[in-house]
Amino acid sequence: AQSVTQPDARVTVSEGASLQLRCKYSYFGTPYLFWYVQYPRQGLQLLLKYYPGDPVVQGVNGFEAEFSKSNSSFHLRKASVHWSDWAVYFCAVSMHSGGSNYKLTFGKGTLLTVTP
Amino acid sequence: DTTVKQNPRYKLARVGKPVNLICSQTMNHDTMYWYQKKPNQAPKLLLFYYDKILNREADTFEKFQSSRPNNSFCSLYIGSAGLEYSAMYLCASAGYEQYFGPGTRLTVL
Chain A
1 AQSVTQPDAR
11 VTVSEGASLQ
21 LRCKYSYFGT
31 PYLFWYVQYP
41 RQGLQLLLKY
51 YPGDPVVQGV
61 NGFEAEFSKS
71 NSSFHLRKAS
81 VHWSDWAVYF
91 CAVSMHSGGS
101 NYKLTFGKGT
111 LLTVTP
Chain B
1 DTTVKQNPRY
11 KLARVGKPVN
21 LICSQTMNHD
31 TMYWYQKKPN
41 QAPKLLLFYY
51 DKILNREADT
61 FEKFQSSRPN
71 NSFCSLYIGS
81 AGLEYSAMYL
91 CASAGYEQYF
101 GPGTRLTVL
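Sequence order for the protein chains is A and B.
Just so you know, we're using my numbering here: the first sequence kicks off at 1 and counts up by one.
Just so you know, we're using my numbering here: the second sequence kicks off at 1 and counts up by one.
No wet-lab data here; the hints were simulated from the structure.
Be a bit skeptical, because a hint or two may be false.
Cross-link-like lysine-lysine pairs, in silico, DSSO-like; alpha carbons within 27 angstroms at most [as the list claims (entries may be wrong)]:
hint : chain 1 : residue 1 : chain 2 : residue 2
1    : B       : Lys-63    : B       : Lys-37
2    : A       : Lys-108   : B       : Lys-5
3    : B       : Lys-63    : A       : Lys-108
4    : A       : Lys-49    : A       : Lys-103
5    : B       : Lys-11    : A       : Lys-108
6    : B       : Lys-5     : B       : Lys-17
7    : A       : Lys-69    : B       : Lys-52
8    : A       : Lys-49    : B       : Lys-38
9    : A       : Lys-24    : B       : Lys-37
10   : B       : Lys-44    : B       : Lys-5
11   : B       : Lys-44    : A       : Lys-69
12   : A       : Lys-49    : B       : Lys-63
13   : B       : Lys-63    : B       : Lys-17
14   : A       : Lys-69    : A       : Lys-24
15   : A       : Lys-103   : B       : Lys-52
16   : B       : Lys-37    : B       : Lys-17
17   : B       : Lys-52    : B       : Lys-5
18   : B       : Lys-44    : B       : Lys-17
19   : A       : Lys-108   : A       : Lys-24
20   : B       : Lys-11    : A       : Lys-69
21   : B       : Lys-44    : B       : Lys-11
22   : B       : Lys-38    : A       : Lys-24
23   : A       : Lys-108   : B       : Lys-38
24   : A       : Lys-49    : B       : Lys-17
25   : B       : Lys-44    : A       : Lys-24
26   : A       : Lys-108   : B       : Lys-52
27   : B       : Lys-44    : A       : Lys-108
28   : B       : Lys-11    : A       : Lys-49
29   : B       : Lys-38    : B       : Lys-5
30   : A       : Lys-49    : A       : Lys-24
31   : B       : Lys-63    : B       : Lys-11
32   : A       : Lys-103   : B       : Lys-63
33   : A       : Lys-103   : B       : Lys-38
34   : A       : Lys-108   : B       : Lys-37
35   : A       : Lys-69    : A       : Lys-108
36   : B       : Lys-5     : B       : Lys-63
Sample of chain A residues with no beta-carbon within 12 angstroms of chain B, all distances over it, derived [claimed, not checked]:
hint : residue
37   : Thr-5
38   : Gly-62
39   : Trp-83
Because the structure is a prediction, the values reported are computed rather than measured.
The beta-carbon is built from N, C-alpha and C at its ideal position, and this holds for glycine as well.
Starting from the given sequences, assemble the full structure and let the hints guide the process.
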């Protein structure tokens, strides 16, 4: 069965510093991987997605993530964090069965807090 | 427009009473999903509709019902709410990606 582990429940970063949020997945086969962000009192928004191809994928607001098959990882990175990035970040893996019919398995999320 | 709407945003229910949550989307997506999200836990898939076909997860099969009267709307129904149902309920609709609504926060007292 597929699973996602986000080992850090909370990460605190100074504004302007770089960021890495960790994600490890377990999946038999070629995964489709996603990072979602949840801002306070809002639903989940897609940050970026990985479909088989270039291991480094670019997302919105300067985020990027790198897929590593050997490490079973899909870590999220940002070069310079802004206070507005304060949110909960979820990593997810999907079993794609074609078209729009697929299931997402999420990690528990990492709360990113930003200090001045 | 990639908006998914959920109503109500907040719901207070009594133990043993029914609860009906509504989700709508205007993207003409074939698939709509319902997830349950509890604090410090991952969103958990409860069920999804692919067109008119309902698929329920094995461990939530008996606890939740759903209907999809047309392509745009999907409901989540709890026949008799228990305290353990208190959670955020997230609806998503999918074309190539899943788009999420803002969620309904259900509190059962």
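Structure-based check of each hint:
no.: 1; hint: Lys-63/B x Lys-37/B; result: holds (15 angstroms)
no.: 2; hint: Lys-108/A x Lys-5/B; result: holds (24 angstroms)
no.: 3; hint: Lys-63/B x Lys-108/A; result: holds (23 angstroms)
no.: 4; hint: Lys-49/A x Lys-103/A; result: holds (14 angstroms)
no.: 5; hint: Lys-11/B x Lys-108/A; result: holds (24 angstroms)
no.: 6; hint: Lys-5/B x Lys-17/B; result: holds (24 angstroms)
no.: 7; hint: Lys-69/A x Lys-52/B; result: violated (36 angstroms)
no.: 8; hint: Lys-49/A x Lys-38/B; result: holds (24 angstroms)
no.: 9; hint: Lys-24/A x Lys-37/B; result: holds (20 angstroms)
no.: 10; hint: Lys-44/B x Lys-5/B; result: holds (19 angstroms)
no.: 11; hint: Lys-44/B x Lys-69/A; result: holds (25 angstroms)
no.: 12; hint: Lys-49/A x Lys-63/B; result: violated (32 angstroms)
no.: 13; hint: Lys-63/B x Lys-17/B; result: holds (13 angstroms)
no.: 14; hint: Lys-69/A x Lys-24/A; result: holds (10 angstroms)
no.: 15; hint: Lys-103/A x Lys-52/B; result: holds (17 angstroms)
no.: 16; hint: Lys-37/B x Lys-17/B; result: holds (21 angstroms)
no.: 17; hint: Lys-52/B x Lys-5/B; result: holds (20 angstroms)
no.: 18; hint: Lys-44/B x Lys-17/B; result: holds (23 angstroms)
no.: 19; hint: Lys-108/A x Lys-24/A; result: holds (12 angstroms)
no.: 20; hint: Lys-11/B x Lys-69/A; result: violated (43 angstroms)
no.: 21; hint: Lys-44/B x Lys-11/B; result: holds (19 angstroms)
no.: 22; hint: Lys-38/B x Lys-24/A; result: holds (21 angstroms)
no.: 23; hint: Lys-108/A x Lys-38/B; result: holds (10 angstroms)
no.: 24; hint: Lys-49/A x Lys-17/B; result: violated (40 angstroms)
no.: 25; hint: Lys-44/B x Lys-24/A; result: holds (18 angstroms)
no.: 26; hint: Lys-108/A x Lys-52/B; result: violated (30 angstroms)
no.: 27; hint: Lys-44/B x Lys-108/A; result: holds (10 angstroms)
no.: 28; hint: Lys-11/B x Lys-49/A; result: violated (32 angstroms)
no.: 29; hint: Lys-38/B x Lys-5/B; result: holds (20 angstroms)
no.: 30; hint: Lys-49/A x Lys-24/A; result: holds (15 angstroms)
no.: 31; hint: Lys-63/B x Lys-11/B; result: holds (18 angstroms)
no.: 32; hint: Lys-103/A x Lys-63/B; result: holds (19 angstroms)
no.: 33; hint: Lys-103/A x Lys-38/B; result: holds (19 angstroms)
no.: 34; hint: Lys-108/A x Lys-37/B; result: holds (10 angstroms)
no.: 35; hint: Lys-69/A x Lys-108/A; result: holds (21 angstroms)
no.: 36; hint: Lys-5/B x Lys-63/B; result: holds (23 angstroms)
no.: 37; hint: Thr-5; result: violated (10 angstroms)
no.: 38; hint: Gly-62; result: holds (20 angstroms)
no.: 39; hint: Trp-83; result: holds (22 angstroms)
When held up to the earlier numbered hints, the structure conflicts with 7, 12, 20, 24, 26, 28, 37 and fits the remainder.
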